[in-house]
Amino acid sequence: MLIAIEGIDGSGKTTLANSLEKELNNRGISALSTHEPFTKEITEMIRIQGWKDPVVLTLLFAADRAIHLSWISTRNEKIIILDRYIYSTIAYQSTMGLDDKWIISVNEKFPKPQLTILLDLPEEIALKRIKKNDSFNFSEKINLLGKIRKKYIELSNDGKTIILDATEAAETLTKKATDAVLDLFS
0 MLIAIEGIDG SGKTTLANSL EKELNNRGIS ALSTHEPFTK EITEMIRIQG
50 WKDPVVLTLL FAADRAIHLS WISTRNEKII ILDRYIYSTI AYQSTMGLDD
100 KWIISVNEKF PKPQLTILLD LPEEIALKRI KKNDSFNFSE KINLLGKIRK
150 KYIELSNDGK TIILDATEAA ETLTKKATDA VLDLFS
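So that you can map any letter, position 32 of the sequence shown is 31 in numbering that gives the first Met the number 0, and since no number is skipped, the others follow by simple counting.
In short, the hints are calculated from the structure, not lab data. It cannot be assumed that every hint is accurate.
[Claimed, not checked] Using 30 Å as the maximum straight-line C-alpha spacing, the simulated DSSO-like pairs for lysine-lysine come out as follows:
(1) K159 <-> K140
(2) K140 <-> K127
(3) K175 <-> K146
(4) K149 <-> K108
(5) K159 <-> K175
(6) K130 <-> K174
[What the hints assert, rightly or not] If you anchor each label on the Cβ, the simulated ranges turn out as follows:
(7) K21 <-> I161: 14 to 22 Å
(8) A169 <-> K149: 20 to 28 Å
(9) Q48 <-> K77: 30 to 38 Å
(10) W70 <-> G27: 18 to 26 Å
(11) R128 <-> A65: 24 to 32 Å
(12) I141 <-> G27: 38 to 46 Å
(13) K175 <-> I47: 33 to 41 Å
(14) S29 <-> E167: 23 to 31 Å
(15) E167 <-> Q48: 33 to 41 Å
(16) N25 <-> K100: 36 to 44 Å
(17) Q48 <-> I124: 27 to 35 Å
None of these values were measured; they are calculated from a predicted model. Where is the CB? At the ideal position from N, CA and C, for every residue including glycine.
Between the sequences and the hints, there should be enough to build the whole structure, so can you do that?
Below is the structure:
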């Protein structure tokens, strides 16, 4: 079973993925959290070499996803928790000018998650959480995060996505996410 955790940078995806994995395992449900990008080589191509072309990025993320899913298929855990998945590619690359339909077509062969958890966070709060060495100026980054957030909310109307308020405490988010996953078994 695939559970995707999505949201803008700084929304708490990794924290939730790790705590959800721990909570499910504590309840006797074998779970593993993993993240995209998955491969070191593609991560380096994207982050270190600084690829900015949205077509190249979409194809690199799709290649990485194929490798990632192949690895996941060798695992025995009942639940795989994905820290980013297809919606991240759509949300980020569409804000770079690519057509959603093309991005979706590149990813159409990949399995759909049984549940997507969208961590919704105002972009101003996200920026405070992630302010590190950033090449964007404040207003550009706020604008970009706002567009990406809007796209995530648009994508969440699929009937398989729950939206959680990422300003809530990590423990509260873990409980809500755990309850949503357990509901899939009832």
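inquiry  = To test your reading of the hints: which numbers does this structure violate?
reply    = Those not satisfied: there are none.
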